[in-house]
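Whole structure, please, built from the sequences with the hints as guidance.
Listed in order, the protein sequences are those of chains A and B.
The first sequence maps to residues -19 to 272 in this note's numbering.
The second sequence maps to residues 493 to 742 in this note's numbering.
Treat the hints with caution; some may be incorrect.
To be verified - Quick look at which bits of chain B chain A covers, simulated, 3 or more residues with Cβ under 8 Å: (1) 567 to 580; (2) 595 to 601; (3) 604 to 618; (4) 665 to 672.
Think of the hints as simulated: they come from the structure by calculation, not from any bench.
Beta carbons: idealized from backbone N, C-alpha and C, even for Gly.
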Amino acid sequence: MIAYLVNLATLMAIFGIAASSLNLLIGYAGIFSMAHAMFFGVGAYVGAQLALHVVADVGLAALAGGAVAAVLSLCLALPALRVRGEYFVAASLGLQMLASTIFGETHILTGGVGGLTGIPAPTLLGYDISSPVVYLLVVTSVLILTLVFIHSLIRGSFGRGLMAIRDSESAAEAFGKDIRSLKTLVVVIGCFLVGVAGSLLAFHMAFVNVESFTLDQSVLMMAMVIIGGAGTIYGPLVGVVTLMALPAGLSFLTFIPSTEIGTVQQFIYGVAMTLLMIFRPSGLVGQSRGRR
Amino acid sequence: MTQAPLLSVRNVSRSFGGLNAVQDVSLELHQGLITALAGPNGAGKTTLFNLVTGHVAPDRGEVSLRGRPIAGMKPHRVARLGLARSFQDLRLFGHMTVRDNVLAAVETGAWLWQFGGRAGQRDRRERVEHALDVTGLAPLAEIRAVDLSYAETKFLSLARILATGAPIWLLDEPASGLDPSSRAHFIKLVREAAQSGVTICLIEHNLDIVTELADRIAFLDRGRKLAEGLPKDILGDAELIAIYFGERRE
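So this is what it looks like as structure tokens:
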């Protein structure tokens, strides 16, 4: 039981980093990316390859995974600079589909559909951190660092610039905001962070394959952000806990056959999303209208 | 008006498909003067603003700021040269607080930080607080823009511009729909700005406000400038007034 909860908490922390990084794009900059799972995957594959062929150091792998994802994120930033709104959603959707295909076909880099297996146990600066509890502490520390980093970004002029773009691009431009630079920078930062999360996932699972980085994963991350509360620091975390605790909780309800849990889960997600968008469109943590 | 104009628009034209939104319009804005753009709906007034600020590029013609050509320049670059504008539909940063709206308007650095160090930061904060004080928004500084009343949003739109310290303001229907008391306060702030040397061009449908504020009026109709002169001359021209109230000449 403890092992199960530690595993769940570790996954929640990893997805907390991923959802928080997506929140930077969606919640603060108004960039609705459907390709976030792609960069999650890039981080995971880079981390896995580094661990398999060079060194199984989590810190190094996370930095490398984040850096490669950040560089590749320029593929997303370029359409982000050219198109807006629903056109960008479509462009990022295309990129995600393309990435899923590439992940499945480039055997030499990703292991193809079979993925990369046998990722060695993680170390950090030469110390063994393979114990699940120790790894949970490491991942939680990265999550806290991520939240502090995002919080400090958002409280400053960079955050105000992003939110200004989100609320009115033309007005932001009229007040001297360089939309291209700000959007490029936030996409690079967001993708770096999700690349870090991907590397952490690779070590946690000791296995990565394309199934973890499909469009479904992008949709799940987006749901975590929106349900929790886009544009809030803690909203994505609440979304992660809500969406990940639900399947875990359902598995304890013995009257639901294990083969039907998926169906019940989808039903609950659908109803919850609909009710939430009607009664609390700003998410569980988001601020509703009216003076306070 | 022998002084060189601060902003000069020469023979600017812009069409959208078959619609000639602005045709061969020239205009000069001089320091400390308030120029009103008057004319019926669809005259091309807002398009002219967009052409000056870079939100729309002209098909032909020149726009220059202190003699420097700015036509076709990106809006953020034009803004950094000292041109601030408001929008007819305000375009406030709705989910940001009143203070952050004004702060965001004065922070033009593109990267993770602003230039100028602590002194620059202190200067920006002081300008923001001053703008909030004079517009009466200081008590509402922590309220989100989306939660403000109509009149308050109008003042927030002005506070953003005021805080920038820009020497040229383009105001698009800034006082429309304000009650008499708010309108008087608004007019006082705009007039004080002009007296301090700010060059202002405003679009306004309320002729009382135009009469109270404007030093000059440029009258536009169907994308063309029909006349320019002192308010008493323009508003005393029966033909222009007939056009303004929809009695079209052919």
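Hint check:
Coverage of the region 567 to 580 of chain B by chain A holds. Counting CB-CB distances below 8 Å, 7 residues qualify, and the rule asks for three or more. With a cut-off of 8 Å between beta carbons, the region 595 to 601 of chain B has 7 residues touching chain A; three or more are needed, and the interface restraint holds. With 3 residues carrying a beta carbon less than 8 Å from a beta carbon of chain A, the region 604 to 618 of chain B meets the three-residue requirement, and the given coverage holds. Only residues whose beta carbon comes within less than 8 Å of a beta carbon in chain A count, and the region 665 to 672 of chain B has 0; fewer than three means the coverage is violated.
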